[in-house]
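Asker: Sequence:
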Amino acid sequence: MESQPTAKALHNRINTDISQLLQRFENIMATATVENPSYTATAVETYQLDVESTALIRAAEDILALTRTMKETWLFGKLDTLGEDDRDIQRREKLEKDVLAVQNAIEEGGLLKVSPEK
1 MESQPTAKAL HNRINTDISQ LLQRFENIMA TATVENPSYT ATAVETYQLD VESTALIRAA
61 EDILALTRTM KETWLFGKLD TLGEDDRDIQ RREKLEKDVL AVQNAIEEGG LLKVSPEK
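The opening position of the sequence shown corresponds to residue 1 in full-length UniProt numbering, with each subsequent residue numbered one higher.
None of these hints come from the bench; they were simulated from the model.
Treat each hint with caution, since some may be false.
Derived CB-CB ranges, DEER-like [claimed, not checked]:
{"#": "1", "residue 1": "Ala60", "residue 2": "Ala30", "range": "14 to 20 angstroms"}
{"#": "2", "residue 1": "Pro37", "residue 2": "Phe76", "range": "54 to 60 angstroms"}
{"#": "3", "residue 1": "Thr67", "residue 2": "Asn104", "range": "43 to 49 angstroms"}
{"#": "4", "residue 1": "Phe76", "residue 2": "Thr40", "range": "53 to 59 angstroms"}
{"#": "5", "residue 1": "Ala30", "residue 2": "Thr67", "range": "24 to 30 angstroms"}
{"#": "6", "residue 1": "Thr16", "residue 2": "Ala105", "range": "53 to 59 angstroms"}
{"#": "7", "residue 1": "Lys71", "residue 2": "Lys8", "range": "17 to 23 angstroms"}
{"#": "8", "residue 1": "Val51", "residue 2": "Arg87", "range": "48 to 54 angstroms"}
{"#": "9", "residue 1": "Ile14", "residue 2": "Asn36", "range": "33 to 39 angstroms"}
{"#": "10", "residue 1": "Glu93", "residue 2": "Glu26", "range": "47 to 53 angstroms"}
In this text, all values refer to a predicted model and were calculated from it rather than measured experimentally.
Using N, Cα and C, we set each Cβ at its ideal position, and we do this for glycine too.
Start from the sequences and build out the full structure, keeping to the hints where you can.
Answerer: This is the structure:
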(Lines of atoms letter the chains of each structure in order from A and count residues from 1; the text may use other names and numbers.)
(Lines give C-alpha, C1' and ligand atoms only; values in the text may rest on other atoms or scores of the structure.)
Protein backbone atom coordinates (compact mmCIF):
# COMPACT_ATOMS: atom_id res chain seq x y z
CA MET A 1 0.00 0.00 0.00
CA GLU A 2 1.23 3.48 -0.86
CA SER A 3 2.21 5.71 2.04
CA GLN A 4 0.28 8.92 2.57
CA PRO A 5 1.96 12.15 1.41
CA THR A 6 2.97 14.73 3.99
CA ALA A 7 1.84 18.34 3.93
CA LYS A 8 5.35 19.45 2.96
CA ALA A 9 5.48 17.01 0.04
CA LEU A 10 2.09 18.23 -1.17
CA HIS A 11 3.22 21.87 -0.96
CA ASN A 12 6.32 21.04 -2.98
CA ARG A 13 4.21 19.26 -5.58
CA ILE A 14 1.80 22.21 -5.76
CA ASN A 15 4.67 24.61 -6.36
CA THR A 16 6.21 22.36 -9.01
CA ASP A 17 2.94 21.86 -10.85
CA ILE A 18 2.09 25.56 -10.82
CA SER A 19 5.53 26.55 -12.06
CA GLN A 20 5.27 23.98 -14.88
CA LEU A 21 1.87 25.28 -15.87
CA LEU A 22 3.07 28.88 -15.93
CA GLN A 23 6.27 28.00 -17.80
CA ARG A 24 4.37 26.14 -20.51
CA PHE A 25 1.95 29.02 -20.93
CA GLU A 26 4.82 31.52 -21.16
CA ASN A 27 6.51 29.33 -23.78
CA ILE A 28 3.31 29.22 -25.84
CA MET A 29 2.91 33.00 -25.64
CA ALA A 30 6.55 33.59 -26.57
CA THR A 31 6.30 31.28 -29.57
CA ALA A 32 3.00 32.75 -30.73
CA THR A 33 4.32 36.31 -30.78
CA VAL A 34 7.33 35.59 -33.03
CA GLU A 35 6.78 36.86 -36.57
CA ASN A 36 8.81 35.09 -39.19
CA PRO A 37 7.60 34.79 -42.81
CA SER A 38 9.71 31.71 -43.56
CA TYR A 39 7.87 28.42 -44.12
CA THR A 40 10.55 26.55 -42.23
CA ALA A 41 10.33 28.84 -39.22
CA THR A 42 6.53 28.61 -39.30
CA ALA A 43 6.72 24.81 -39.35
CA VAL A 44 9.14 24.79 -36.42
CA GLU A 45 6.93 27.20 -34.47
CA THR A 46 3.87 25.09 -35.22
CA TYR A 47 5.63 22.00 -33.93
CA GLN A 48 6.85 23.88 -30.85
CA LEU A 49 3.31 25.12 -30.15
CA ASP A 50 2.04 21.55 -30.44
CA VAL A 51 4.68 20.28 -27.99
CA GLU A 52 4.09 23.12 -25.52
CA SER A 53 0.30 22.78 -25.64
CA THR A 54 0.60 19.05 -24.99
CA ALA A 55 2.89 19.79 -22.04
CA LEU A 56 0.42 22.43 -20.80
CA ILE A 57 -2.38 19.88 -20.85
CA ARG A 58 -0.16 17.41 -18.99
CA ALA A 59 0.61 20.04 -16.33
CA ALA A 60 -3.11 20.69 -15.89
CA GLU A 61 -3.73 16.95 -15.55
CA ASP A 62 -1.01 16.78 -12.89
CA ILE A 63 -2.77 19.51 -10.91
CA LEU A 64 -6.06 17.61 -11.18
CA ALA A 65 -4.35 14.44 -9.97
CA LEU A 66 -2.87 16.40 -7.07
CA THR A 67 -6.29 17.72 -6.03
CA ARG A 68 -7.65 14.18 -6.10
CA THR A 69 -4.77 12.97 -3.93
CA MET A 70 -5.36 15.81 -1.48
CA LYS A 71 -9.10 15.05 -1.28
CA GLU A 72 -8.43 11.36 -0.64
CA THR A 73 -5.83 12.17 2.00
CA TRP A 74 -8.12 14.59 3.82
CA LEU A 75 -11.09 12.22 3.63
CA PHE A 76 -9.20 9.36 5.16
CA GLY A 77 -7.69 11.59 7.85
CA LYS A 78 -4.01 10.96 7.26
CA LEU A 79 -3.01 14.55 6.49
CA ASP A 80 -2.22 16.92 9.34
CA THR A 81 -2.21 20.32 7.67
CA LEU A 82 -3.12 22.31 10.73
CA GLY A 83 -0.84 20.97 13.43
CA GLU A 84 -0.82 22.35 16.95
CA ASP A 85 1.45 25.06 18.19
CA ASP A 86 2.06 25.96 21.86
CA ARG A 87 -0.90 28.34 21.99
CA ASP A 88 -3.27 25.65 20.66
CA ILE A 89 -1.95 23.11 23.16
CA GLN A 90 -2.40 25.53 26.08
CA ARG A 91 -5.91 26.42 24.92
CA ARG A 92 -6.86 22.75 24.59
CA GLU A 93 -5.46 21.92 28.06
CA LYS A 94 -7.35 24.85 29.63
CA LEU A 95 -10.53 23.74 27.90
CA GLU A 96 -10.08 20.20 29.23
CA LYS A 97 -9.61 21.58 32.78
CA ASP A 98 -12.77 23.67 32.44
CA VAL A 99 -14.72 20.65 31.22
CA LEU A 100 -13.52 18.60 34.20
CA ALA A 101 -14.46 21.41 36.61
CA VAL A 102 -17.97 21.64 35.17
CA GLN A 103 -18.33 17.86 35.20
CA ASN A 104 -17.24 17.67 38.86
CA ALA A 105 -19.63 20.47 39.81
CA ILE A 106 -22.51 18.69 38.11
CA GLU A 107 -21.67 15.36 39.75
CA GLU A 108 -21.44 16.97 43.21
CA GLY A 109 -24.74 18.74 42.70
CA GLY A 110 -23.28 22.14 43.40
CA LEU A 111 -23.93 23.58 39.98
CA LEU A 112 -27.54 22.59 39.45
CA LYS A 113 -29.90 22.52 42.36
CA VAL A 114 -33.27 21.25 41.42
CA SER A 115 -36.09 22.83 43.35
CA PRO A 116 -38.98 20.57 44.22
CA GLU A 117 -42.13 21.12 42.23
CA LYS A 118 -45.12 22.54 44.05
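Asker: Please go over all the hints and tell whether each is borne out by the structure.
Answerer: A quick look at each hint next to the structure:
1. Ala60 to Ala30: 14 to 20 angstroms: holds (19 angstroms)
2. Pro37 to Phe76: 54 to 60 angstroms: holds (58 angstroms)
3. Thr67 to Asn104: 43 to 49 angstroms: With Cβ atoms ~47 angstroms apart, the hint holds.
4. Phe76 to Thr40: 53 to 59 angstroms: Given about 54 angstroms between the Cβ atoms, the range holds.
5. Ala30 to Thr67: 24 to 30 angstroms: holds (28 angstroms)
6. Thr16 to Ala105: 53 to 59 angstroms: Once the Cβ atoms are compared, 55 angstroms apart, the range 53 to 59 angstroms for Ala105 and Thr16 holds.
7. Lys71 to Lys8: 17 to 23 angstroms: holds (18 angstroms)
8. Val51 to Arg87: 48 to 54 angstroms: Holds - the Cβ-Cβ distance for Val51 and Arg87, about 51 angstroms, lies within 48 to 54 angstroms.
9. Ile14 to Asn36: 33 to 39 angstroms: holds (37 angstroms)
10. Glu93 to Glu26: 47 to 53 angstroms: holds (51 angstroms)
Violated hints: none; the structure is consistent with every hint.
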